[in-house]
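Asks: Protein chains in written order, with this note's numbering: chain A, 1 to 296; chain B, 1 to 517.
Treat each hint with caution, since some may be false.
Unchecked claim - Chain B regions said to be covered by chain A (calculated; three or more residues, Cβ under 8 Å):
{"#": "1", "region": "63-73"}
{"#": "2", "region": "209-220"}
{"#": "3", "region": "231-242"}
{"#": "4", "region": "262-276"}
{"#": "5", "region": "340-352"}
{"#": "6", "region": "424-431"}
Hint data in this document are derived by calculation from the structure and do not stem from the laboratory.
Where is the CB? At the ideal position from N, CA and C, for every residue including glycine.
Chain by chain, the residues:
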Amino acid sequence: MIAFNKYYNHFNLLSLALIVVSLLLLIFKGLNFGIDFKGGTLIELRASDSKINVSSLRDRFNQMDLGDVSVKKFGNDTDYLVKFENKDNKKNIIEEIKVNLDKSFGNNYDFRRVENVGPKVSAELLKSGVIAISLSLALMLIYIWIRFEWQFSLGAILALFHDVIVTLGVFSLFSFEINLSIIAAVLTIVGYSMNDTVVIFDRVRENLRKYSDIKIFELTNISINETLSRTIITSATTLLALLAIYFFGGEILKGFSLAMILGVVFGTYSSIYIANTVLVRLRVSQKTVLREDDKK
Amino acid sequence: MLYFSKLRILFVTLFSVLFILIASSNLFKFDDSFFDKKINLGLDLQGGSYLLLEIDNEPVIEQKLQNLTTTIRNYFKEKNIKINNIKIDNQNIFFNVIDNDKQSVLDVFQDENSDLNPYYPRFKSHQLEIEDTGLNFKVNFSKQGLIKLKNSSQDQAIEIVRRRVDEVGTNEPNILKRGNNRILVELPGLDDPMRIKSLLGKTANLTFRFVTNDENDRFGVEKLKFENGLEEATVSKRIIISGENLLDAQPKMDTQTNQTIVSFTLDRVGAKRFGKATSTGIGKQLAIVLDGKIISAPVVRDTIASGSGQISGGFTFQTATDLALLLRSGALPAPLEIIEERTVGPDLGQDSINAGMIALAIGFILVIIFMFVKYKIFGLITNVTLIVNLFILLGVLTLFEATLTLPGIAGIILTVGMAVDANVLIFERIKEELKDETNNILAFDGGYTKSRTAILDANITTLLAAIILFFMGSGPVKGFAVTLGVGIFTTLFSVYFIARLFTSIYVSRNKNKEKLI
Numbered sequence: 001m002i003a004f005n006k007y008y009n010h011f012n013l014l015s016l017a018l019i020v021v022s023l024l025l026l027i028f029k030g031l032n033f034g035i036d037f038k039g040g041t042l043i044e045l046r047a048s049d050s051k052i053n054v055s056s057l058r059d060r061f062n063q064m065d066l067g068d069v070s071v072k073k074f075g076n077d078t079d080y081l082v083k084f085e086n087k088d089n090k091k092n093i094i095e096e097i098k099v100n101l102d103k104s105f106g107n108n109y110d111f112r113r114v115e116n117v118g119p120k121v122s123a124e125l126l127k128s129g130v131i132a133i134s135l136s137l138a139l140m141l142i143y144i145w146i147r148f149e150w151q152f153s154l155g156a157i158l159a160l161f162h163d164v165i166v167t168l169g170v171f172s173l174f175s176f177e178i179n180l181s182i183i184a185a186v187l188t189i190v191g192y193s194m195n196d197t198v199v200i201f202d203r204v205r206e207n208l209r210k211y212s213d214i215k216i217f218e219l220t221n222i223s224i225n226e227t228l229s230r231t232i233i234t235s236a237t238t239l240l241a242l243l244a245i246y247f248f249g250g251e252i253l254k255g256f257s258l259a260m261i262l263g264v265v266f267g268t269y270s271s272i273y274i275a276n277t278v279l280v281r282l283r284v285s286q287k288t289v290l291r292e293d294d295k296k
Numbered sequence: 001m002l003y004f005s006k007l008r009i010l011f012v013t014l015f016s017v018l019f020i021l022i023a024s025s026n027l028f029k030f031d032d033s034f035f036d037k038k039i040n041l042g043l044d045l046q047g048g049s050y051l052l053l054e055i056d057n058e059p060v061i062e063q064k065l066q067n068l069t070t071t072i073r074n075y076f077k078e079k080n081i082k083i084n085n086i087k088i089d090n091q092n093i094f095f096n097v098i099d100n101d102k103q104s105v106l107d108v109f110q111d112e113n114s115d116l117n118p119y120y121p122r123f124k125s126h127q128l129e130i131e132d133t134g135l136n137f138k139v140n141f142s143k144q145g146l147i148k149l150k151n152s153s154q155d156q157a158i159e160i161v162r163r164r165v166d167e168v169g170t171n172e173p174n175i176l177k178r179g180n181n182r183i184l185v186e187l188p189g190l191d192d193p194m195r196i197k198s199l200l201g202k203t204a205n206l207t208f209r210f211v212t213n214d215e216n217d218r219f220g221v222e223k224l225k226f227e228n229g230l231e232e233a234t235v236s237k238r239i240i241i242s243g244e245n246l247l248d249a250q251p252k253m254d255t256q257t258n259q260t261i262v263s264f265t266l267d268r269v270g271a272k273r274f275g276k277a278t279s280t281g282i283g284k285q286l287a288i289v290l291d292g293k294i295i296s297a298p299v300v301r302d303t304i305a306s307g308s309g310q311i312s313g314g315f316t317f318q319t320a321t322d323l324a325l326l327l328r329s330g331a332l333p334a335p336l337e338i339i340e341e342r343t344v345g346p347d348l349g350q351d352s353i354n355a356g357m358i359a360l361a362i363g364f365i366l367v368i369i370f371m372f373v374k375y376k377i378f379g380l381i382t383n384v385t386l387i388v389n390l391f392i393l394l395g396v397l398t399l400f401e402a403t404l405t406l407p408g409i410a411g412i413i414l415t416v417g418m419a420v421d422a423n424v425l426i427f428e429r430i431k432e433e434l435k436d437e438t439n440n441i442l443a444f445d446g447g448y449t450k451s452r453t454a455i456l457d458a459n460i461t462t463l464l465a466a467i468i469l470f471f472m473g474s475g476p477v478k479g480f481a482v483t484l485g486v487g488i489f490t491t492l493f494s495v496y497f498i499a500r501l502f503t504s505i506y507v508s509r510n511k512n513k514e515k516l517i
């Protein structure tokens with residue numbers, strides 16, 4: 001048996017630090033919102049001429065007075081991602097750009113993807129994204145509150161907030177782009193983290209009923225160990241699937257799978273080191289679950 | 001838990017085979033219409049264009065208020081009530097009356113049977129709201145009135161948009177209302193939406209009006225620019241004929257001048273008016289005005305009574321074709337603005353499909369190897385279940401002709417990774433049971449029973465997340481919610497029916513084997 005409980009305090013401090021740092025990052029550095037949430041235009045461009053590279057593209061686009069322009073390689077050597085604000089929301093901007101690029105590069109490029117999100121739409125998408133995440137957290141709260149005693153609910157919700165905040169913190173730290181698919185990833189993380197916590201909690205509650213003489217400090221450790229191989233196998237297979245998406249699923253899914261990978265790692269960790277320590281700190285005992293049973 | 005009746009075995013087998021058949025209809029063609037269904041590919045996979053248009057209702061409101069001032073003035077004139085200083089400011093109509101008339105004006109506006117101000121009993125609201133400060137009135141659209149107005153301009157606009165898109169002839173366009181002032185246009189397979197965008201960007205308000213030098217024209221005049229933006233002309237506000245009078249318009253080649261022109265045919269009313277105007281106006285310039293710009297202003301040489309004519313204006317064949325198309329499909333009630341556009345080229349779509357399939361295959365193989373190494377014979381059972389599960393999932397998506405997107409493929413891969421969770425929970429539990437239980441069958445029974453709450457909990461939490469995503473997400477993300485959500489149900493089915501069937505067969509044959517799992 002691994003003594004997870006030996007490190008409860010250490011990891012609680014670590015998590016606290018992670019959350020504080022993440023929050024500071026989120027407040028002061030903020031998130032790198034993509035055009036979905038900030039508005040603007042995105043062009044994925046494939047070049048068939050070596051004359052076309054990041055700097056020549058940047059030159060061309062900067063001459064066109066489009067506001068902030070960012071040009072990046074995208075996946076392989078011939079693909080580029082160009083993003084700009086399109087502040088004035090010009091109507092025929094794509095056609096203008098094509099005419100302009102034709103002059104310098106002829107026919108040696110191709111727009112593979114064009115996305116243009118107006119300011120009104122991006123504001124709405126951001127709002128609905130925030131609502132979706134809040135709603136999912138609220139639903140999880142309600143579900144867990146119906147299913148378990150309040151001490152368990154608190155533990156699960158703290159673990160959930162930890163996972164979401166720290167994942168977003170990592171995205172802020174590395175300036176990874178936040179777009180619609182990241183919202184989907186965060187929601188899936190919420191589901192996964194809850195799932196993982198609930199499995200251990202189920203066992204904790206079962207053990208609480210079974211043993212009256214074991215303290216919660218020991219009991220959580222027993223439960224974690226009993227469910228450990230399931231925790232490892234499930235997170236391993238999920239991670240294998242996600243790694244396959246990350247490495248082979250194409251550039252578009254990179255951000256999504258990365259967020260999910262982070263979420264699975266944090267979710268697994270928090271089920272052990274946050275959710276359970278809350279039970280310990282709230283001194284949950286056999287009485288907690290038996291009292292609830294009597295009510296039913 | 002381990003006992004399976006013959007009937008149940010039959011049911012599970014039939015059910016699985018049915019969905020595998022349905023899933024395989026994506027690869028083969030079936031004559032039977034029930035099986036001949038396909039999963040739709042989202043725009044991000046098959047390539048295409050997604051356009052979200054917003055109707056700018058401001059001009060419509062302005063126009064309605066403008067008409068309303070005339071109506072109000074005439075209406076009260078008949079009743080011998082004098083309306084003074086009527087004007088429009090910031091979407092409000094202001095006017096004042098003399099003291100004696102105040103109550104009668106209010107009565108007209110507040111009467112439920114008023115023909116000036118329609119009453120909507122369902123919403124307990126009038127079309128217009130009236131406020132008075134002393135003898136000054138302020139009239140504007142009520143909340144319900146505005147909603148009605150927006151709905152009706154959306155209805156008109158979507159009809160025109162549909163006609164224009166159909167005229168261009170893309171395959172299976174999808175045109176839907178969004179809210180009460182937006183229209184969603186999905187154009188599968190279209191990789192360059194430039195032409196459609198420019199067609200939808202035009203209101204196509206066509207009028208024929210005389211050019212005049214008389215500043216005191218009875219109908220008022222306005223200065224309009226020519227299409228080229230250089231010249232200007234003073235044009236009467238009197239409309240001879242408008243786009244509504246057009247029956248047909250076609251691009252043509254004028255054999256005499258070798259120019260591309262748009263020829264048009266007028267309806268009866270239009271033909272009469274056109275004939276009269278051209279007979280009285282010989283020698284005058286007739287301006288053809290489209291969306292506030294003069295296309296051309298030819299001099300009238302003859303009376304045109306045939307009800308057909310032509311527009312020239314230095315067109316190329318393309319611009320003439322587009323103008324004819326716009327005129328045929330009619331004018332939009334209000335300008336449209338494209339507020340969101342997402343276009344994916346067909347080769348990127350194909351690349352995404354390939355990448356998604358490779359990721360799915362690799363993820364699948366990795367999970368299968370992992371499970372086999374870890375659980376041997378039970379890993380094998382899990383893996384067979386996993387494969388059947390994948391087919392059932394695809395079968396369900398096919399049955400409902402769901403739309404598969406790139407994030408949707410990611411959802412399937414994720415389902416593969418997470419689907420083993422239920423089996424793992426069961427197997428681990430069985431291992432624990434076997435520690436103090438010597439009877440294999442009882443241990444397996446216990447494993448299934450005791451793991452059930454954890455499995456249900458785990459899947460409900462994921463399902464909750466998927467449901468929210470489905471209702472809040474848009475486009476590709478919605479596809480993810482669908483595969484993730486459907487995946488949960490197929491997983492539970494395959495774990496509790498298929499995997500358990502295999503397990504029960506294996507365990508009952510090896511009742512007395514030691515170290516079973």
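Asks: Hint by hint, note whether the structure agrees.
Replies: The hints, checked one at a time:
1. 63-73: violated (count 0)
2. 209-220: violated (count 0)
3. 231-242: The restraint on the region 231-242 of chain B is violated, since only 0 of its residues have a Cβ under 8 Å from chain A and three are required.
4. 262-276: Coverage by chain A is violated for the region 262-276 of chain B (0 residues, Cβ < 8 Å).
5. 340-352: holds (count 10)
6. 424-431: Holds: 3 residues of the region 424-431 of chain B have a Cβ under 8 Å from chain A.
Violation of the numbered hints given earlier is confined to hints 1, 2, 3 and 4; the remaining hints are satisfied by the structure.
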